[in-house]
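Engineer: Produce the entire structure from the sequences given, and follow the hints as far as they go.
Number of protein chains: 6
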Amino acid sequence: MKVSVRNKLKGTVEDIKVGQVMAEVFVKVGDQRIVSVITKDALDDLDIKVGDEVVALIKSTSVAIGK
Amino acid sequence: MKVSVRNKLKGTVEDIKVGQVMAEVFVKVGDQRIVSVITKDALDDLDIKVGDEVVALIKSTSVAIGK
Amino acid sequence: MKVSVRNKLKGTVEDIKVGQVMAEVFVKVGDQRIVSVITKDALDDLDIKVGDEVVALIKSTSVAIGK
Amino acid sequence: MKVSVRNKLKGTVEDIKVGQVMAEVFVKVGDQRIVSVITKDALDDLDIKVGDEVVALIKSTSVAIGK
Amino acid sequence: MKVSVRNKLKGTVEDIKVGQVMAEVFVKVGDQRIVSVITKDALDDLDIKVGDEVVALIKSTSVAIGK
Amino acid sequence: MKVSVRNKLKGTVEDIKVGQVMAEVFVKVGDQRIVSVITKDALDDLDIKVGDEVVALIKSTSVAIGK
Chain U
25 MKVSVRNKLK
35 GTVEDIKVGQ
45 VMAEVFVKVG
55 DQRIVSVITK
65 DALDDLDIKV
75 GDEVVALIKS
85 TSVAIGK
Chain D
25 MKVSVRNKLK
35 GTVEDIKVGQ
45 VMAEVFVKVG
55 DQRIVSVITK
65 DALDDLDIKV
75 GDEVVALIKS
85 TSVAIGK
Chain Y
25 MKVSVRNKLK
35 GTVEDIKVGQ
45 VMAEVFVKVG
55 DQRIVSVITK
65 DALDDLDIKV
75 GDEVVALIKS
85 TSVAIGK
Chain S
25 MKVSVRNKLK
35 GTVEDIKVGQ
45 VMAEVFVKVG
55 DQRIVSVITK
65 DALDDLDIKV
75 GDEVVALIKS
85 TSVAIGK
Chain L
25 MKVSVRNKLK
35 GTVEDIKVGQ
45 VMAEVFVKVG
55 DQRIVSVITK
65 DALDDLDIKV
75 GDEVVALIKS
85 TSVAIGK
Chain R
25 MKVSVRNKLK
35 GTVEDIKVGQ
45 VMAEVFVKVG
55 DQRIVSVITK
65 DALDDLDIKV
75 GDEVVALIKS
85 TSVAIGK
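Protein chains in written order, with this note's numbering: chain U, 25 to 91; chain D, 25 to 91; chain Y, 25 to 91; chain S, 25 to 91; chain L, 25 to 91; chain R, 25 to 91.
None of the hints are false.
Lysine-lysine pairs mimicking DSS-like chemistry, simulated, CA-CA at most 30 Å apart:
{"#": "1", "chain 1": "S", "residue 1": "K41", "chain 2": "S", "residue 2": "K52"}
{"#": "2", "chain 1": "U", "residue 1": "K64", "chain 2": "R", "residue 2": "K73"}
{"#": "3", "chain 1": "Y", "residue 1": "K91", "chain 2": "L", "residue 2": "K73"}
Computed list of chain D residues with no C-beta within reach of chain Y, every gap over 12 Å:
{"#": "4", "residue": "K34"}
{"#": "5", "residue": "V37"}
{"#": "6", "residue": "Q56"}
{"#": "7", "residue": "D68"}
Quick caveat, the hints were computed from the structure, so don't treat them as lab data.
Glycine residues also receive a C-beta, built at the ideal position from the N, C-alpha and C atoms.
Structural biologist: Below is the structure:
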């Protein structure tokens with residue numbers, strides 16, 4: 025399935041923090057770090073673990089610019 | 025001002041597409057490309073031009089994961 | 025690729041409205057209608073046309089509730 | 025009050041998961057399921073319970089497309 | 025209908041900018057200004073005009089903090 | 025750093041609710057109240073406390089309108 029989401033950043037899961045409802049996933053992308061917040065259900069469903077190769081998916085309307 | 029936004033990706037503006045209300049800004053981040061959609065007003069207010077050094081700002085709740 | 029996005033609604037593209045930067049895609053899902061706004065680039069990249077079978081992808085943090 | 029939000033999906037609350045700050049609400053919409061993440065405060069304020077008839081509200085800019 | 029959206033800011037429409045697909049609505053809230061981007065369809069559907077009393081609706085997960 | 029985010033509402037932190045992954049920050053803005061959900065990490069990183077002067081940052085594409 026191709027997705028309309030314009031931002032697909034490949035990286036490796038460095039760390040994971042799990043709460044009752046939400047989970048925080050830290051992904052190393054090149055020399056920068058991406059933080060994603062998803063539901064704990066999604067974390068379990070995709071069986072995301074430290075060391076996994078993943079893609080950070082970000083809709084372009086969610087990206088602001090600083091200058 | 026420090027911001028709570030967890031994702032701050034430094035890069036260079038590669039291209040800009042402008043509409044009546046919205047604008048699309050393409051930012052080279054390492055060897056990957058980030059696409060941001062902001063208002064035309066914001067583009068003009070920050071005077072964003074190709075070649076500018078900028079930061080792509082993304083709230084962690086807007087980042088999904090693919091595996 | 026599996027995605028952490030919790031909402032994946034299958035449907036058929038009923039109509040498309042295209043602007044300079046953004047595009048609006050109307051998707052029939054069961055007896056209800058979903059409206060998606062994506063970039064024109066994404067519309068062209070996925071070659072989305074009326075009649076296509078697609079999936080509306082929505083992060084759970086973007087869904088509010090009315091009662 | 026009418027709202028600019030284009031996506032208003034009627035359904036029934038099937039399940040609820042509550043954390044300290046956030047809550048996850050599962051809504052049956054036709055033969056599909058919508059997952060919403062709202063604050064626990066909102067859950068309590070609207071007194072949302074399993075079996076309630078609700079509307080899932082989704083801004084069109086939050087809807088991506090897969091094909 | 026009550027909504028789970030935690031931020032409901034009452035104000036008056038000061039200005040409107042309309043594109044092919046999107047529209048920008050400027051709302052005076054107290055002594056500050058809120059900018060909303062909605063679809064042109066939504067603008068027409070709600071018949072939003074300068075001078076209208078409206079409510080700016082913002083999900084709490086969309087609000088970042090600067091300090 | 026200037027940001028493309030169009031909504032920057034100045035206010036004072038009135039209350040904070042902390043979970044394992046997320047945190048809820050209540051900000052008094054004029055005579056209205058803004059609720060922000062950020063990660064606990066961000067809360068700690070910015071050392072946000074009740075009484076702090078802060079800015080609520082909201083992308084215009086995240087603002088819907090009710091009328």
